[in-house]
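Asker: Protein sequence lines correspond, in order, to chains A and B.
Residue numbers for the first sequence, in this note's numbering: 124 to 357.
Residue numbers for the second sequence, in this note's numbering: 526 to 822.
It should be emphasised that the hints constitute simulated quantities derived from the structure, not laboratory data.
In this text, all values refer to a predicted model and were calculated from it rather than measured experimentally.
Where a beta carbon is used, it is the ideal one built from N, C-alpha and C, also for glycine.
Be a bit skeptical, because a hint or two may be false.
Label-pair distances were calculated between CB atoms; the ranges are [stated by the list, open to error]: (1) 691(B) x 127(A): 31 to 39 Å; (2) 685(B) x 217(A): 56 to 64 Å; (3) 261(A) x 712(B): 48 to 56 Å; (4) 215(A) x 591(B): 31 to 39 Å; (5) 217(A) x 656(B): 19 to 27 Å; (6) 213(A) x 691(B): 21 to 29 Å; (7) 661(B) x 139(A): 22 to 30 Å.
The calculated lysine-lysine pairs, modelled on BS3-like cross-linking and capped at a C-alpha distance of 25 Å, are [to be verified]: (8) 556(B) x 762(B); (9) 594(B) x 779(B); (10) 669(B) x 217(A); (11) 669(B) x 779(B); (12) 576(B) x 732(B); (13) 805(B) x 779(B); (14) 700(B) x 217(A); (15) 700(B) x 594(B); (16) 665(B) x 217(A); (17) 762(B) x 552(B); (18) 695(B) x 217(A); (19) 773(B) x 783(B); (20) 576(B) x 779(B); (21) 657(B) x 738(B); (22) 217(A) x 732(B); (23) 291(A) x 773(B); (24) 657(B) x 217(A).
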Amino acid sequence: MQSTWQTFMQDRGDGITYVDWVLSAWGWTLSIAACAWVLALLIGSLVGTLRTVPSKPLQWLSNTWVELFRNVPLLIQVFLWYQVLPVVFPSLQKLDTFVLVVFALGFFTSARIAEQVRAGIQSLPRGQFMAGSAIGLTRAQTYRYVILPMAFRIVLPPLTSEAMNIIKNSSVAFAVGIGEMVLYAQQAGAELSAEVPAYLIVTVFYVISAFAVNRLMAFVESRVRVPGYVGGSK
Amino acid sequence: MKKPLLVLAAALLAAGAAQADTLNKIKETGKVVMGVRDSSGVLSYTLGNGKYAGFHVNLCEVIVNNIRKDLKLDKFTVEYIPVTSQNRIPLVQNGTVDIECGSTTNNQARQQQVGFALTTFVTEVRMAVNAKSGIDTIAKLNGKTVVTTTGTTSVQHLRKHERGAGLDFKEIFGKDHADSFLILEAGRADAFVMDDYILAGNIANSKNPADFKVAGEALSVEPIAIMFRKDDPAFKKAVDDQIRALMKSGEFEKLYKKWFESPIPPRNTNPNVPMSAALKAAVANPNDNPMESYAKK
């Protein structure tokens with residue numbers, strides 16, 4: 124077994140070792156996940172909030188968004204962004220594959236975050252909106268100063284799962300040739316005839332990454348908790 | 526509770542200890558499971574509806590049919606299972622596939638894991654490019670994007686070559702040969718580096734074959750062979766004997782002509798790939814030498 128692990132130290136032919144390569148693959152995985160997470164959080168928060176406003180057109184728009192992106196499998200969405208949309212909209216051809224995958228993963232996750240944010244908002248008593256109006260806040264101000272700060276605290280645990288999921292889901296990027304960790308496992312595994320060790324290595328990296336996100340989110344949770352609310356009593 | 530566990534443990538031990546005995550398995554089940562490829566050029570490809578064709582598929586059919594005659598089996602079926610570059614070796618190792626008739630390079634690393642029959646095809650790794658791109662040597666790949674198929678070793682040769690020529694190129698990966706060719710066709714890559722017969726097959730089956738050509742110098746010469754489980758000398762001998770007999774009788778060359786120098790289904794295009802000097806040498810002197818022994822020449 125010793126020698127199998129040592130083969131990963133060797134040069135792959137152009138001055139880069141297989142160890143360097145897995146680190147670069149890890150970088151791709153984390154970059155996709157991080158960019159997609161920012162996009163998903165921004166859009167998901169907006170769409171989730173819009174699902175709770177009184178305006179019918181805005182509700183319709185946000186409902187359509189959620190149903191569109193959560194009813195199509197992620198892998199299919201990635202292929203749609205990569206193979207189909209650039210044919211329909213030639214301007215997308217100029218975009219890097221990385222950007223297309225970030226859109227696919229970000230929009231897919233945004234639909235899930237939107238539902239969580241909606242659930243968080245709707246779990247608050249209706250009286251909070253009334254209290255906002257009573258002290259003279261507009262509806263937007265009520266959301267900004269009363270509703271959303273509480274709703275986000277409530278949905279932090281499911282958001283933690285979502286943040287961990289986005290790291291694991293980024294593995295679909297291999298299907299469109301991005302050099303992330305699953306692609307590394309397949310390609311380096313084949314080049315070294317060491318498929319099993321290659322998969323073991325990337326498994327460890329996935330666990331480390333997802334667990335780091337878990338700890339980070341737990342830290343955020345502990346810093347923002349409000350005594351007496353969900354996650355607030357300890 | 527304890528007893529079933531013991532039985533299971535004993536069964537697992539027995540399975541681990543038993544030597545692969547494919548001939549016996551074929552005799553008992555009356556069935557051979559053949560691993561085939563969807564898009565390995567002329568060697569193995571799909572016609573749709575679960576039908577497979579190609580030089581290696583045909584060759585394997587002849588071989589297993591002859592083995593069936595030797596075993597005097599009346600009831601006999603051949604089951605076709607499509608495999609990919611990534612799963613072919615595990616599927617052969619775990620017994621899902623008895624005989625793999627795709628496009629597997631026989632090299633020393635793989636010989637540690639599986640067994641190979643006598644070399645039945647020799648390929649050169651080259652590149653397919655857009656005919657108008659002006660790329661005709663490896664040196665012109667500088668600053669370009671190169672696609673290859675995940676789970677294949679072709680790109681290693683380019684990387685090794687790259688250092689000598691001081692090339693700088695971007696690597697991307699298709700999930701299978703058809704996908705890699707699509708990436709080239711869509712203009713996302715400037716060159717597709719792969720075995721020449723796969724390139725020729727994909728070009729022949731593309732929408733506009735005249736738009737693409739195989740170009741550049743050969744990056745490596747690789748022997749391709751039928752693959753089966755390791756440590757099964759009886760089965761290896763049976764397959765090798767059939768191949769040797771086909772080569773001696775001239776039947777092998779007829780099969781080669783049928784697939785490489787005549788119109789082939791589904792489009793009745795002629796691949797027009799005459800037998801290379803390296804393959805002629807392998808026919809004149811049948812052997813199962815790995816790729817590494819070709820590089821030394």
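Asker: Now tell me, hint by hint, if it's right for this structure.
Answerer: Okay, the hints, checked on the actual structure:
In this structure, residue 691(B) and residue 127(A) meet the distance hint of 31 to 39 Å, their C-beta atoms being roughly 32 Å apart. For residue 685(B) and residue 217(A), the Cβ-Cβ distance of about 33 Å falls outside the hinted range of 56 to 64 Å, so the restraint is violated. A beta carbon spacing of about 51 Å between residue 261(A) and residue 712(B) agrees with the range 48 to 56 Å that was offered as a hint. A hinted range of 31 to 39 Å is violated for the C-beta pair residue 215(A) and residue 591(B), which are about 54 Å apart.
Residue 217(A) and residue 656(B) have their C-beta atoms about 24 Å apart, which keeps the hinted 19 to 27 Å range intact. Residue 213(A) and residue 691(B) have their C-beta atoms about 35 Å apart, which leaves the hinted 21 to 29 Å range violated. Separation of residue 661(B) from residue 139(A) is about 27 Å and conforms to the stated range, judged on CB atoms against 22 to 30 Å. For the given pair, residue 556(B) sits about 19 Å from residue 762(B) by alpha-carbon distance, which is consistent with the 25 Å threshold.
Only pairs whose Cα atoms come within 25 Å are accepted, and residue 594(B) paired with residue 779(B) is accepted, the gap being roughly 21 Å. Distance check on the hinted pair: residue 669(B) and residue 217(A) sit about 16 Å apart at the alpha-carbon level, within 25 Å; holds. With a C-alpha separation of about 41 Å, the suggested pair residue 669(B) and residue 779(B) falls outside the 25 Å cut-off, and the hint is violated. The straight-line distance between the Cα atoms of residue 576(B) and residue 732(B) is roughly 22 Å, inside the 25 Å bound, and the hint therefore holds.
With a C-alpha separation of about 13 Å, the suggested pair residue 805(B) and residue 779(B) falls inside the 25 Å cut-off, and the hint holds. Restraint check for residue 700(B) and residue 217(A): the C-alpha separation of about 22 Å stays at or below 25 Å, so the hint holds. Note on residue 700(B) and residue 594(B): the hinted pairing is violated, with a Cα-Cα distance of about 39 Å set against a maximum of 25 Å. Between residue 665(B) and residue 217(A) the CA atoms are separated by roughly 23 Å; this keeps the pair inside 25 Å, and the hint holds.
Distance check on the hinted pair: residue 762(B) and residue 552(B) sit about 16 Å apart at the alpha-carbon level, within 25 Å; holds. Only pairs whose Cα atoms come within 25 Å are accepted, and residue 695(B) paired with residue 217(A) is accepted, the gap being roughly 17 Å. Simply put, residue 773(B) and residue 783(B) have alpha-carbon atoms about 17 Å apart, close enough for the 25 Å limit, and the pair holds. Restraint check: the Cα-Cα separation between residue 576(B) and residue 779(B) comes to about 22 Å, which is no more than 25 Å; the hinted pair holds.
Of the supplied pair hints, the one linking residue 657(B) and residue 738(B) holds, its CA atoms being roughly 9 Å apart against a limit of 25 Å. Proposed proximity of residue 217(A) and residue 732(B) is supported: the alpha carbons are some 23 Å apart, at most 25 Å. Straight-line distance between C-alpha atoms of residue 291(A) and residue 773(B) comes to about 55 Å, which puts the hinted pair past the 25 Å bound. A C-alpha spacing of about 21 Å is found between residue 657(B) and residue 217(A), which places the hinted pair at or below 25 Å, so the restraint holds.
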